[in-house]
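Chemist: Using the sequences and the accompanying hints, generate a full structural model.
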Amino acid sequence: MPDLLEIETARNRIGAHAHWTPLLSSRSIGELAKTDVWLKCENLQKAGAFKFRGAMNACLRAVEEERMPAAGVITFSSGNHGQAVALAARTLGIDATIVVPEDIPTVKRAAIESYGARLEIAGLTSTDRHQRALGISEENGGLIIPPFDHPDVIAGQGTTGLEIIDELPEADAILVPTGGGGLLAGVAIALSHRNPSTRVIAVEPTDANAMALSVEAGEIVTLDKVPGTIADGLKPMAPGELTLEAAIEHVDRVLLVDDDSILRAQRLLLERAKLLVEPSGAAGVAALLGSHELAGLRVVTILTGGNTDLA
Numbered sequence: 001m002p003d004l005l006e007i008e009t010a011r012n013r014i015g016a017h018a019h020w021t022p023l024l025s026s027r028s029i030g031e032l033a034k035t036d037v038w039l040k041c042e043n044l045q046k047a048g049a050f051k052f053r054g055a056m057n058a059c060l061r062a063v064e065e066e067r068m069p070a071a072g073v074i075t076f077s078s079g080n081h082g083q084a085v086a087l088a089a090r091t092l093g094i095d096a097t098i099v100v101p102e103d104i105p106t107v108k109r110a111a112i113e114s115y116g117a118r119l120e121i122a123g124l125t126s127t128d129r130h131q132r133a134l135g136i137s138e139e140n141g142g143l144i145i146p147p148f149d150h151p152d153v154i155a156g157q158g159t160t161g162l163e164i165i166d167e168l169p170e171a172d173a174i175l176v177p178t179g180g181g182g183l184l185a186g187v188a189i190a191l192s193h194r195n196p197s198t199r200v201i202a203v204e205p206t207d208a209n210a211m212a213l214s215v216e217a218g219e220i221v222t223l224d225k226v227p228g229t230i231a232d233g234l235k236p237m238a239p240g241e242l243t244l245e246a247a248i249e250h251v252d253r254v255l256l257v258d259d260d261s262i263l264r265a266q267r268l269l270l271e272r273a274k275l276l277v278e279p280s281g282a283a284g285v286a287a288l289l290g291s292h293e294l295a296g297l298r299v300v301t302i303l304t305g306g307n308t309d310l311a
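For the sequence shown, position 237 (counting from the first letter as 1) is numbered 237 according to my numbering, and the numbering increases by one without interruption.
Honestly, the hints are just simulated from the structure, not real lab data.
Values in this document were obtained by computation on a predicted structure and should not be read as measured data.
Heads up, the beta-carbon is just placed ideally off N, CA and C, and yes, glycines get one too.
A couple of the hints might just be wrong.
Quick list of simulated restraints, FRET-style, between CB atoms [to be verified]:
#1 Ala295 - Leu5: 34 to 40 angstroms
#2 Glu65 - Asp3: 14 to 20 angstroms
#3 Ile220 - Arg118: 28 to 34 angstroms
#4 Glu66 - Asp309: 37 to 43 angstroms
#5 Asp252 - Asp166: 17 to 23 angstroms
#6 Leu4 - Asp207: 32 to 38 angstroms
#7 Arg27 - Glu219: 40 to 46 angstroms
#8 Gly290 - Leu270: 43 to 49 angstroms
#9 Glu271 - Ser114: 24 to 30 angstroms
#10 Leu124 - Glu293: 31 to 37 angstroms
Modeler: Right, here's the structure in full:
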């Protein structure tokens, strides 16, 4: 599990490559939610999502420590992490193979291919993709960079939390759209050291609630079917061991949102804030609009990505 020093080191490591994304206030959304709303715009990050932070940190550290094989890197992803690894690899001049699901959104597939990565299609579940990635690694010796349950990936994602607290130390809570939990873990670890009074709250789709179930059980719970949520970046079948540990130790609670509320939030962000955000990235705003417990507080919600298909 990364500590604060590793997250701070990650910030220095990726600083020349990743954007320090804007933290914007939104009076119009705040009036609807009855909160002081701030939006951390990771939809404006390189590769269109926060995932670039963790991918670049993991790749750079492997290069620094001379662990990068000739075959380059391999990952398995529903889209955003794949794009991030592909762009990080291109930036560093290394090869990348990205294993994606059959139902990957067209915009995400096109982006991965535009970065010059090799694309592999494998099933519909994260397990399908993971197994194919392991097979490719055995064949060519490539370095696997998992989408969330890896210390370097978590440390990279945690830099998002450092940026938020540097700009808005008086934040009462941070809402984190959560799939496998890499961003949640990184932000929660960073905040537990830098600003422990700020609540870190996970947000999941109602039918993709593996983290909520796992936190409640105190152990990893795997969903029994592939979630049907529109938030394609938030539907891993289970959290990771590291991400669950961080959630149990440092996360205040998990809020659940349905697809209708996510779509309303996505539309609201476009109409009121003029921000194009994918459904996964709008989950935090959906939670804000549907929860009364945050009324009157200063709340940051992370807009995790902007890779959405407008067709």
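Chemist: With reference to the structure, classify each hint as holding or not holding.
Modeler: Against the structure, the hints come out as follows:
no.: 1; hint: Ala295 - Leu5: 34 to 40 angstroms; verdict: 36 angstroms, holds
no.: 2; hint: Glu65 - Asp3: 14 to 20 angstroms; verdict: 18 angstroms, holds
no.: 3; hint: Ile220 - Arg118: 28 to 34 angstroms; verdict: 31 angstroms, holds
no.: 4; hint: Glu66 - Asp309: 37 to 43 angstroms; verdict: 39 angstroms, holds
no.: 5; hint: Asp252 - Asp166: 17 to 23 angstroms; verdict: 21 angstroms, holds
no.: 6; hint: Leu4 - Asp207: 32 to 38 angstroms; verdict: 35 angstroms, holds
no.: 7; hint: Arg27 - Glu219: 40 to 46 angstroms; verdict: 42 angstroms, holds
no.: 8; hint: Gly290 - Leu270: 43 to 49 angstroms; verdict: 19 angstroms, violated
no.: 9; hint: Glu271 - Ser114: 24 to 30 angstroms; verdict: 29 angstroms, holds
no.: 10; hint: Leu124 - Glu293: 31 to 37 angstroms; verdict: 35 angstroms, holds
In summary, the structure is inconsistent with hint 8 from the numbered list given earlier, while agreeing with all the others.
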